[in-house]
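Visitor: Sequence order for the protein chains is A and B. Everything in the first sequence is counted per our numbering, starting at 1 for the first residue and increasing by one. Everything in the second sequence is counted per our numbering, starting at 1 for the first residue and increasing by one.
Just so you know, these hints were derived from the structure itself, not from any lab. We put the CB at the ideal spot given by N, CA and C, even for glycine. Misleading hints may appear alongside valid ones.
Cβ-to-Cβ under 8 Å is the rule here; a few derived chain B residues that face chain A [what the hints assert, rightly or not]: (1) Gln-68; (2) Ala-111; (3) Tyr-114.
Here are a few chain B residues that sit away from chain A, every Cβ distance over 10 Å (derived from the structure) [said to hold, decoys possible]: (4) Glu-40; (5) Arg-93; (6) Arg-97; (7) Arg-99.
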Amino acid sequence: METDSQHDDTPSIPAQRTPAKRTIALAALVAIAVVCAAAAGVWLHAHKPQLIPADAAPGDGVDLNAPPEPKPIAPVSAQTASPDEDAAAVKARLNDLDQLRQVLESKKSAILQAKHDYRYGILELEDETRRVIRHARIDSVGQALKHSGVESLLRNIQRRQIYFEALDQPLGWIESASEGLLYVGRRAAIDLLVQDVAAGVDMRGHLMAIGQALERYQPNPGRLSIDPASIPAASLEVIAKGLIEQARTLGGIPADRRRPEIEAEICSGNLSRAAELSTLSLRGARCLAESDAKQLFLNRLSELTPLGAEALSKWTGEWLCVNGIARLDPEAAAHLFAWRGRWLSLNGLVDLPPETGKHLAGWDGRQLELMGLRQTADASDLAKWESRGGRLFVPDAIRSAIDRAGAQ
Amino acid sequence: MNRNPADTGTKLFSNARRIAALLLLWVGTALAAGAEKEAELNLTLHNLTEAARLVAARAATAAAVLAQLQGHSEALEAEIQEERRRVRALTLRQALRVRRIDYNLQLMQQAAAYAAQLESRLAYLRAAETRLNSYREQVRDDRVMLRTLDNLDSSFLLSQVRETIEELHRQCTVPLLVAGKADGIPGLETLWNDIVQGR
C-alpha cells in the first residue's frame, strides 16, 4: 500500500530526472546540428559556387579598348611540382649551365693555346728546315725528301699541320655547345623574368631542355676526339717545294754558323753564350722566353722579327737588352712593347716611326733606354710614356722635343 | 450647438501638431535619404581610389617587366651588332650562319612577343587609370550637387562605376601576358633589317 509519503516522493522522481533528459536532448540537438553543418560544408565544397565566373566576359558597360583577356594555357607536361618550385629548380639549373659553360670555355682556351703552340711550332720547324735546305744546298723536292734531316722536319711539319687543323673539330663542337648552353639559359631567363606576370610559361619544359643540354654538351673524350685521318694533309712534296722556294727567294735569317749550337745550349738551359747570337730563330726565341733568367743581353741581334718578338714577349724576366737593333718593325714593336718586364734597352734604335711610337707609349715597363734615337716623328708618344712614371733615357735633342711636346 | 473655444483651440493645436509631425517626418526621411546617397558616393570614391591604386600597381609591374625585357633585347642586339661587324654579315642568310646571331635573333623574337603583349596590357591599364580618374571627377561633382540640392539620382553613374571596378579587379588578377602566343612575334627578316638599319 502506498503511503502519502510515497505519493509525495513519486513526483519527486521525475523532478530529479528532468535535467538529465534535457541534457541528453540538448546533446542530441547539437550533434544533429554539427552533422548538418558538416554535410552542408561537404556539399558547398563539392559544388564550389563562384561569385564571378572564371570565363566571364568583360562588363558590357566597360569600354577600355580592352585587349582579349589572356587565358592560361595548360602546360603540356604533367605537373607534379608547383610553378614556383619549378622556377626555383630552373634557377638552380641555370647555375649548372654556367658552370658547364665555364668548363667549356676553359677547354676552348686550352685548345686555342694548343693551336697557337702548333702554329708556332710549325713556324719554328719551317725556319729550321729552310736553314738546313740552304746549308745542304738543296734545290729540288727529290733532294729534300732524300735528306734524312729535312725529310724528318717535313714529316713533323705535316703532322703539326694535321693536328693544328684537327683541333678545329673539338673547337667547333665546344663553341657550338657553349652557344647552345647560353641560348637555353637565356631563353629560360627571359621566361623567369616574366613568370610572375605571365600565364603558360612552361618551366617544366625549361627544366627538361636544360637537363638535355647539360647532358648533350658534356665535354667527354668521345665528343672532343679528333680524327687526324679525316684531315686532308698537304703532301711532303708540297711542303718541301714551298720551303725550297722560300729558302731561295726570301733568304730567311742570314747564315750564322754558330747559332744552332748556341740555341741548342739555350734550349738545354745554358744561356752563357746567348749574347753571342747575331740572329735568332723562332726556336731560339722560344727557348729564351722559357728560361728563368732575369736579364737577357742580346746586343748582337740586329733584327727582331714579329714572330721572334712575340716569342720573347712571353719571357718573364726583368731586363732585356737588344741594343743592336736599329729599326723596329711596327708589328714587332707591338709584341715587344707587350712584354711585361721592367727595363728595356734599345739604344741602337735610331728612328721611331709614329706607329712604333704608339706601341711604345702603351708599354707597362719602368725604364726605357733609347740613347741612339736620332729622330722621332712625334715626341708626344715618348712624353706620354714618361708621364706614366717611367724613366726614359734619350739624347738631349730628343729630350728637348719631348719637353716641347709635354709643354703643348 | 455652441462649440467650446477651448475645445476648438485644442483641436487646432492637435492638427497643427500632426502636420508638423508629418513635415518633420518628411524632412527627416529626405535628410536620411540624402545622407545615405552621400555615404554611397563617398564609398564609391573610396573604391575608385583603391581601384586606381591597384591598376597603377599593375601598370608599374608591367612597365618594370617591360623595361627589363627591353634591356635584355638591347643587350642581345648589341651582341648581334658586334658579331655582325666581326663576321661582316650583311644579309640575314649570312648572319644566320653565326650561331650567336641566330640564337640572339630567336631570343629577341621571344622578348619582342612578350613586350608586345605587355605594351598592350600597359595601354589598357593606362586607359583604365584615365577612366577611373574621370569617374572620380564625376562622383565628386555629383556629391557637390547632392550636398547643394539634397537630392540627385546618381544610380546610373554608380552602376557604371561598379561594373568598371569589378571588371578592373578581374583584369588586374589575370596574367599580363601569355607565353607561347604567336601574335606579335616579328619575323627574323624584320628584326635583322631593323638591326642593320640601326632602328
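Visitor: Decide, hint by hint, whether the structure agrees.
Guide: Results for each hint:
{"no.": "1", "hint": "Gln-68", "result": "holds, 6 Å"}
{"no.": "2", "hint": "Ala-111", "result": "holds, 6 Å"}
{"no.": "3", "hint": "Tyr-114", "result": "holds, 5 Å"}
{"no.": "4", "hint": "Glu-40", "result": "holds, 18 Å"}
{"no.": "5", "hint": "Arg-93", "result": "holds, 18 Å"}
{"no.": "6", "hint": "Arg-97", "result": "holds, 12 Å"}
{"no.": "7", "hint": "Arg-99", "result": "violated, 4 Å"}
The structure fails hint 7 only (numbered hints given earlier).
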